[in-house]
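Peer 1: Sequence:
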Amino acid sequence: MGCVVAKVAVSKAVYAIDKPYDYLVPAALEERLRPGMRVLVPFGAGNRGSDGIVLALAQQETGGGLKAITAALDEEPVLDRRGLQLALWMRERYFCTVYDAVKAMLPAGLYYALRDCVKLTVDREGAYEAAQGSAAATKLVDMLLAREGQGELEQIRAGFGPKDPTPAIRYLVERGAAEIVTSAQRGVGDKTEKLAVLAMPSEEAMALVTPRRKTAPLRYSVTELLCQLGAASAKELCYFTGASSATIKSLAKSGILTLEQQEVFRRVQLDDVPPKPLPELNEEQQAALEGLDRLCREGKPAVALLYGVTGSGKTQVYIRLIQQVLDRGESALVLVPEIALTPQLLRVFAAHFGQEIAVLHSSLPAGERYDEWKRARSGKARVVIGTRSAVFAPLQNLSLLILDEEQEGSYKSENTPRYHARDVAKYRCVQENALLVLGSATPAVETMYSAREGIYHQFTLTQRYNQKALPQVHIVDLKEELREGNGGAISGLLAREIGDNLVRGEQTILLLNRRGASRMVTCGECGGVKQLTATASEKEGVITLTATNTSCTDALDVVVHLSGASAKDVTARILTGDMHDKNTFEDAEKVTVKPFDAVRVTETGLNMTLPACSVVEVTIRG
0 MGCVVAKVAV SKAVYAIDKP YDYLVPAALE ERLRPGMRVL VPFGAGNRGS
50 DGIVLALAQQ ETGGGLKAIT AALDEEPVLD RRGLQLALWM RERYFCTVYD
100 AVKAMLPAGL YYALRDCVKL TVDREGAYEA AQGSAAATKL VDMLLAREGQ
150 GELEQIRAGF GPKDPTPAIR YLVERGAAEI VTSAQRGVGD KTEKLAVLAM
200 PSEEAMALVT PRRKTAPLRY SVTELLCQLG AASAKELCYF TGASSATIKS
250 LAKSGILTLE QQEVFRRVQL DDVPPKPLPE LNEEQQAALE GLDRLCREGK
300 PAVALLYGVT GSGKTQVYIR LIQQVLDRGE SALVLVPEIA LTPQLLRVFA
350 AHFGQEIAVL HSSLPAGERY DEWKRARSGK ARVVIGTRSA VFAPLQNLSL
400 LILDEEQEGS YKSENTPRYH ARDVAKYRCV QENALLVLGS ATPAVETMYS
450 AREGIYHQFT LTQRYNQKAL PQVHIVDLKE ELREGNGGAI SGLLAREIGD
500 NLVRGEQTIL LLNRRGASRM VTCGECGGVK QLTATASEKE GVITLTATNT
550 SCTDALDVVV HLSGASAKDV TARILTGDMH DKNTFEDAEK VTVKPFDAVR
600 VTETGLNMTL PACSVVEVTI RG
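Using numbering that gives the first Met the number 0, read the sequence shown as starting at 0 and increasing by one per residue.
In case anyone wonders, no lab produced these hints; they're calculated from the structure.
On a predicted model such as this, the values are computed, not experimentally measured, just so you know.
Each residue gets a CB set at the ideal place from its N, CA and C atoms; glycine is no exception.
A couple of the hints might just be wrong.
[As the list claims (entries may be wrong)] The calculated label-pair distances, taken between Cβ atoms and stated as ranges, are: (1) V541 with L481: 38 to 48 angstroms; (2) T441 with R620: 53 to 63 angstroms; (3) E539 with K589: 30 to 40 angstroms; (4) I338 with K234: 26 to 36 angstroms; (5) K234 with T441: 49 to 59 angstroms.
Construct all of the structure, not just a fragment, from the sequences and the given hints.
Peer 2: In C-alpha cells form, the structure reads like this:
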C-alpha cells in the first residue's frame, strides 16, 4: 500500500537548517491534506511542537521511521502553488526561511500561537512513584495535580521561580509519567451570524401566521418581511420588526424558517462616496493609457514606467486602466508607499469601483485585514489597494500591478524578510503574465536607467492635468548668501517672498529636511565642515603624526600630549596651497611640501598652529 509523506517547511528551523523536512501523513489526514496547508509537527530532539507548511506530498513504500504530522491547522490551503513558489524564491533572494516568507504573505489574523502543556499520563500514585529520586520532579507532580493533571509550560516556569523545570519535565517524560502536548490557537476566527431562510412557499407561510395576526403580530411581521426577502439575518429581522430572538426561534420550531450560520466580512468603513463617471483624459494621458492597455492585453510579463510631473494626472490613467482590466474579467493591485495615503486614494477609487475594492495595510484591525484578504482570495474583491505587504494579496486572474511613487524607501521592509515590494511585484508579474506599472514624478535611479535603456517601457506626462501651471522653483546657493553677509538658514529671496505673502494675507509652508538643530558648522567658502582630523603611527621608535585642518578660513591651535614618550628630535613639514589649487605642467609647484617650523616642544608634548586648509606631518624621534 505504501504511505504518504509530506515535505514541510518548519517555523522553528533557522536559516542554516531550513529545508523541507519529511513527515508521515496519518491515515486520517491523507484524504484532505494538500500543499499550502499548515500543520503541527514534532521538531527537534525533544519533539517540541512546531507549526509548518506543506510544500509537497509524495507516495513512499515505507515511512522509514519518520515522525508523523500531529494535526492539520487549516481546512484548506492558505497558499496556492504560485504562493509556495514565491515563498521559495524569497528564501533564496532575501536569505530568510521559507516560513518567514510565508508569514509575511499571510495576514496576522491567520497566525497561530503555540502553547506547550505538560500533562500527566498516569494516576496520582503512578506519578509520585515515577518522581521518586527527584525533588524537582515531585514538585512538578504537585503542581500538575493541583491543576487537574496538566499545566501550561509558562505556568510551570513561573512556579519554579529561578530554577529551570526542564530537567524535571524530562525526568517524568522519560519514565512515561508525563507528555508534552502542543496546541495551536489562531489569532482571529471567522465571523458569522445567524441567517433566517424561508423554509416553505410564501403562500403557505402567510397562511400559517395570518389566523393569529392579532394575537401574535410579531410572528406575522417577521414572516411577511421574510416572504419579501427570501432570506435575511436574524439580527436585521429583529431590528426592522421589533421582534426578539425568541420569536425567530419559535418560527424556526414551527418550520416556517430555518436558521443557518452565514459568514460575515468585517469591512473597512468607507464614507458615503457618490459614484463618479470615468475621468476625461488629455492627449498625453490617452496615449499613455492606450500604450499601457496594449501591454496589459498582450498577456506577457512587462514593466512600464509612467513618468509624469506632479499633478499630471497619473491617478486618472490608473483608474481608466483598471476599469479596462475589470471589463475583461481580470483583477488589479495598487500599492501606495504610506498608510496615510490609503484613505485619500481609497475615496477616489471607491467612487469608481465601489464594492470591488479591498484594503490591506498593517494599521487595520486583525479581523478586518483577515476578511479583506479572504475577499480578495475568493474573488469578491477584484481591486486591492494597500501598502507594501499588500503585494502578496491573493488576487485571482491578476493582470495589473501598480506601484505609485515607486521611488519611496518605505517599499523596502526593515524586518525579516527584508524584501522590496518592487522586486516581489516583478516576480508576481512573471508568474501571472501581468503588467507592472511604476508611477512617479521622481523615479528611482535604477528605474529611470532601465527605462532609458529600453528594459522598461516608458510613458511620459509632461503637462499638469487641466493645464494647471507648474510651480516656479528657485535654487539658492547659501554659500553666496554667506559671502554677502547672510549667515542664517533662510535666504534673502525666501525671506522677501514670505514677507510679501504676509502683506497679502497669504500663508506659507516651510518644509525642513530634518528635525533638531544643526550639528556641524560648514565652511562658507567651500561648504566643508570645520574640523581637525589627525592620525598617528609608531614604527621602530619613530612616531609620525598627520594633522589636517579642513577649514578654508580659520587657523586651528592644536595641542599634542605624548604619553610615555619624549619629544627630543622633532621635524615637521606642511602641504601648501589653497583648497582648489592643483599642479599642472605649466605650474608644477603650486602645491608643494615645505618645512614647517611652527611646532613648539613643551614638557608634555607639542603645540602648533595649523593654517587654514593645510596638512601637516610631524615626525618625532627619541
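Peer 1: Among all the numbered hints in the text so far, which are the ones the structure does not match?
Peer 2: Per hint list: zero violations.
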